[in-house]
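Undergrad: For reference, the chains in residue letters:
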Amino acid sequence: DAKTTQPTSMDCAEGRAANLPCNHSTISGNEYVYWYRQIHSQGPQYIIHGLKNNETNEMASLIITEDRKSSTLILPHATLRDTAVYYCIVSPGGTASKLTFGTGTRLQVTL
Amino acid sequence: GAVVSQHPSWVICKSGTSVKIECRSLDFQATTMFWYRQFPKQSLMLMATSNEGSKATYEQGVEKDKFLINHASLTLSTLTVTSAHPEDSSFYICSARDGGYTEAFFGQGTRLTVV
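Here the protein sequences line up with chains W and C, keeping their order.
Read in order, the letters of the first sequence are residues 310 to 420 in the working numbering.
Read in order, the letters of the second sequence are residues 2 to 116 in the working numbering.
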């Protein structure tokens, strides 16, 4: 699986947009970009994923560059409950495809 | 999304004993499940891939005789930590993918403390 690079930590004021970058320059054509987050002492929570196009759901938006070598997760209006470690992972979409976690970005949302 | 449930959420066991952790897919069938381990302030590390009806595939450095995995049905995989020692204390997490979804879903994790 391709590896990803994320900043170690980021801060964001509550109510503002949180933009979390991820580099995945060695991504393969069949690999999706997945974003998960982990709140302390819980299992990872799925946020969003995409292959080529930008995606949006009720939680976030995912912007993938045209060359697919990087992406940005956008939380449009961050709240204190969004404080977590965010993981960007690239992996094929099959049921047997494993997800390999990097170190992630620790997002701290403050008042 | 699909739901993956783990049991127990936390367990304390004595050194030298074995402990079993269950991972269930509640509303879908999972031919493949994954087991991860997470130490404090570290990321999730994949331990093994559990395959229904066949032997599990272990990642390099993971002792297959110590971490026994059984995936006897399409909705249940179990991880047994045998002869547990304090260094096995960790957060164990399972995940599975529903064939109807591209994403994987994770259980809530099991906190194991060996005393």
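These are computed hints drawn from the structure, not numbers from a lab.
Quick reminder that beta carbons are idealized off the backbone N, C-alpha and C, glycines included.
A portion of the hints provided could be inaccurate.
To be verified - Heads up, simulated PhoX-like pairs for lysine-lysine below, C-alpha to C-alpha not over 25 Å straight-line: (1) K21(C) / K65(C); (2) K378(W) / K65(C); (3) K56(C) / K378(W); (4) K42(C) / K312(W); (5) K407(W) / K15(C); (6) K378(W) / K407(W); (7) K56(C) / K407(W); (8) K21(C) / K56(C); (9) K65(C) / K15(C); (10) K42(C) / K67(C); (11) K378(W) / K21(C); (12) K56(C) / K42(C).
Said to hold, decoys possible - Computed from the model, here is a short list of chain C residues facing chain W with C-beta under 7 Å: (13) L47; (14) T103; (15) A105; (16) F107.
Undergrad: So, for every hint listed, does it hold in this structure?
TA: Here is how each hint holds up against the structure:
Between the alpha carbons of K21(C) and K65(C) the distance comes to roughly 14 Å, so the proposed pair stays at or under 25 Å and holds. A distance of roughly 36 Å separates the Cα atoms of K378(W) and K65(C); the hinted pair therefore is violated under the 25 Å criterion. As the CA atoms of K56(C) and K378(W) are separated by approximately 36 Å, the hinted pair breaks the 25 Å bound. With a CA separation close to 20 Å, the supplied pair K42(C) and K312(W) stays within the 25 Å bound.
In summary, the hint linking K407(W) to K15(C) is not supported, as the alpha carbons are separated by about 32 Å, beyond the 25 Å threshold. A hinted pair counts as satisfied when its Cα atoms are at most 25 Å apart, and K378(W) with K407(W) qualifies at roughly 20 Å. A threshold of 25 Å between alpha carbons decides the hint, and for K56(C) with K407(W) the separation of about 16 Å falls inside it, so the pair holds. With a CA separation close to 17 Å, the supplied pair K21(C) and K56(C) stays within the 25 Å bound.
Distance restraint check for K65(C) and K15(C): the Cα-Cα separation of roughly 21 Å lies within the 25 Å cut-off, and the hinted pair is therefore satisfied. Straight-line distance between C-alpha atoms of K42(C) and K67(C) comes to about 24 Å, which keeps the hinted pair within the 25 Å bound. Using a Cα cut-off of 25 Å, the hinted pair K378(W) and K21(C) is violated, with the two alpha carbons roughly 41 Å apart. Using a Cα cut-off of 25 Å, the hinted pair K56(C) and K42(C) is violated, with the two alpha carbons roughly 31 Å apart.
Given the 7 Å rule on beta carbons, the hint for L47(C) holds: about 6 Å separates it from the nearest Cβ of chain W. A distance limit of 7 Å between C-beta atoms decides the matter here; for T103(C) the minimum to chain W is near 4 Å, and the interface restraint holds. For the restraint placing A105(C) at the interface with chain W, the shortest Cβ-Cβ distance is roughly 6 Å, inside the 7 Å limit, so the hint holds. Annotation: interface hint on F107(C) holds; nearest CB of chain W at approximately 4 Å, less than 7 Å.
Hint check: violations occur at hints 2, 3, 5, 11 and 12; the rest are consistent with the structure.
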